[in-house]
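S.K.: Heads up: the sequence lines are chains A and B, in that order.
Residue 496, in this note's numbering, is where the first sequence stops; the numbers in between run on with no holes.
Residue 410, in this note's numbering, is where the second sequence stops; the numbers in between run on with no holes.
Some hints here could point you the wrong way.
Restraint-style ranges between C-beta atoms, simulated for each label pair [unchecked claim]: (1) A:L310 - B:Q331: 52 to 62 angstroms; (2) A:S474 - B:P342: 49 to 59 angstroms; (3) B:G130 - A:W389: 27 to 37 angstroms; (4) A:L371 - B:N143: 32 to 42 angstroms; (5) A:V315 - B:S206: 52 to 62 angstroms; (6) B:P332 - A:Y220: 21 to 31 angstroms; (7) A:L332 - B:D251: 11 to 21 angstroms; (8) A:L217 - B:D251: 45 to 55 angstroms.
Just so you know, these hints were derived from the structure itself, not from any lab.
Quick caveat: nothing in here was measured; it's all calculated off a predicted structure.
All C-beta atoms in this analysis are idealised placements derived from N, C-alpha and C, irrespective of residue type, glycine included.
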Amino acid sequence: MTTTNLDPSSIPLPTRRRPRIGETGLRALTAATALLLVAIMALLVYETARQAWPSIQEFGLGFITSDQWNVVTGQFGALNFIIGTLLTSVVALVIAVPMAIAIGLFLSELAPRVLRTPVGLMVELLAAIPSVVLGLWGILVMGPFLAEHVEPWLSDHLGFIPLFSGYPSSQGVLPACVVLSIMVVPIVASISRELFLSVPGELKQGAMALGATRWEMVRSVMLPYVSGGLVASTMLGFGRAVGEAIAVTQVIGGANAISRSLFPPGDTMASRIAAQYAGTATSLQRSSLAYLAVLLLIISLITNIAAQLISGRLQRRLGGEA
Amino acid sequence: MEMNGMQRVTKTAAVAMGLAIVALAAACGSSGSSGSSSGSGGSTSTVLTGAGSTLVAPLISQWEPDYAKSAGITITYGAVGSGGGIDAITNRTVDFGASDAPLSSDQATACKSCLQIPWALAATVVTYNVKGVPDKLKLTGPVLAAIFSGSITSWNDSQIASLNPGVNLPSTHITPIYRSDGSGDSFVFTSYLSAVSSDWKSKIGASTQPAFPTGQGAEKNSGVAAAVQATDGAIGYVAVSYIAADSLNEALLQNAAGNYPEPTTKGITAAADAVTTIQPDGSVPLVNPPASAADAYPMSTYSYAIIPQTSPKAKQLKAFLTYAIGPTGQAFGPPLGFPPLPSAIVAHSKTVIAKITT
């Protein structure tokens, strides 16, 4: 072993002087903080799983494929809420990501200098709005607006698609998607702005020198250069949307079933936990809510790992090409 | 053997880490125990905390200032919903809970010898909001069950129209609105539907959180009231006191005698007078009273105080409960839609209150 090299007698004097205590202390403190966080995380997972255990024993993996959530019969399943969670998050991304990338591009490339700072600040402020306030706005303004103007138009013109059929409703899946998209925009927009700013000037100038228009330069140079980061930021946005509870509870309508249409009420996993955890009628219901939390943790974990893998792969591929 | 630098650092880190975890555990432990002691014991004996039913909340808010003045005891009540109240008293984080639904057997076991004391008489009322349709639309139990199970979907359905000759009903889509949190009103509502519709009883049943097959959820009485007001074509159910407070429409429900009584003092008292049997668990279910009570409102209910049989604040609790069911406490009721308790129930509640010990 190499420990002999570190024998105190062989270490020169300066490093043995006073800074040593401070250094040891700093290292201990930071290590303790980091390990404490790991411990809290582990305890959190353990406790959630422990609470969920009676439900896990009762329903097993069938919990994931059952669409029942019935306190009276004691049948609980997550299928409707898993679908609701994925549906709202994906639709929110479909609305938010193109907008956010456009904002990022505008702020980094196209906006006049006087606009960049104020608009960028406003976009970041959007992320600072408490979700409960967004939810309230969803109840009072956006939900009724969607029900009176947007949903009737959608069902008139696109009603042949099941997603846009049925009766308009001020509380429902679509308002939840819109509220979530507003939460996702600032995350993706500010990251994509930074990404676009990170594109080396030589690459852009090179493309321009070859006679590319601005749009061609963006499409063929900038977008490929930042694609890995964009995917990662989208995944971050997805993680935000999946986990949001309060604002979704306020506008989604908390239905037990999920329909093929975006108009009627539905529910997501996080929203169901938030709405029902206080005041459960049976211990099995409480335990099933914890089971939902476990599934939510797993989905978040998968999302994060996928984001890292995808962005890593794109980065590598890009590196290979360059 | 002399330790080298790296090992020393790791060892110090391990010790610090251990200390941090011990500190955290101690913090958690102490916060947990102090939470429970401040709830049920504590240094101040002049505060009683409670949580639960939103139905009874308007009445308790009248008791609070009056009782503080007359007895010098402060009542703090959180209207978190009946289910939340049962949770709170089960965990003993409050001194009393309040629920419009009696404890289920599961909840009774978890609550460990809790007493249920009827302390207010009220009703759950069906409310609706349809443009152009006047107040006091008539409905029967089976029609209501059909609406909430999704088989009647528009307001001009013949089953609604035949009950309301002369009323011009639009073809507006019906949006049923229900409580998303654990609610005594949901229990009363679905108990009634289970009593009048065998189809409802077998498919959905009665619960504080039933699985409504259609419609949208809203939180607490205030949430349902707001959602009904905001949605054209909505129908929901709220506690009677919220009807007057928010000037909502009320639907008249047909009782077993075939009449359409209003949820007024007269209608609710008639139901309470008709049903005096006290169940073994201490509850007195009032929904769908027999046809002999011609004026009885069919969705009447008692609201219960849920009290642990042994409480460190037994003395104060007994005094407060005696006040609440007594003439002073009940006198606040009628203007808010709570008729006074029948004397038989007052007598019953008194015997239950006497069981509370320290």
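S.K.: Each of the hints needs a verdict: does it hold here or not?
M.R.: Consistency of the hints with the structure:
Separated by about 42 angstroms at the C-beta atoms, L310 (chain A) and Q331 (chain B) break the suggested range of 52 to 62 angstroms. S474 (chain A) and P342 (chain B) have their C-beta atoms about 55 angstroms apart, which keeps the hinted 49 to 59 angstroms range intact. For G130 (chain B) paired with W389 (chain A), a C-beta distance near 59 angstroms fails the hint of 27 to 37 angstroms. Judged by the Cβ atoms, the range 32 to 42 angstroms given for L371 (chain A) and N143 (chain B) is violated: they are separated by roughly 52 angstroms.
Taking 52 to 62 angstroms as the suggested C-beta distance range, the pair V315 (chain A) and S206 (chain B) does not conform, at roughly 27 angstroms. Judged by the Cβ atoms, the range 21 to 31 angstroms given for P332 (chain B) and Y220 (chain A) is violated: they are separated by roughly 41 angstroms. For L332 (chain A) and D251 (chain B), the hinted distance range of 11 to 21 angstroms is not satisfied, since their beta carbons lie about 36 angstroms from each other. Judged by the Cβ atoms, the range 45 to 55 angstroms given for L217 (chain A) and D251 (chain B) holds: they are separated by roughly 48 angstroms.
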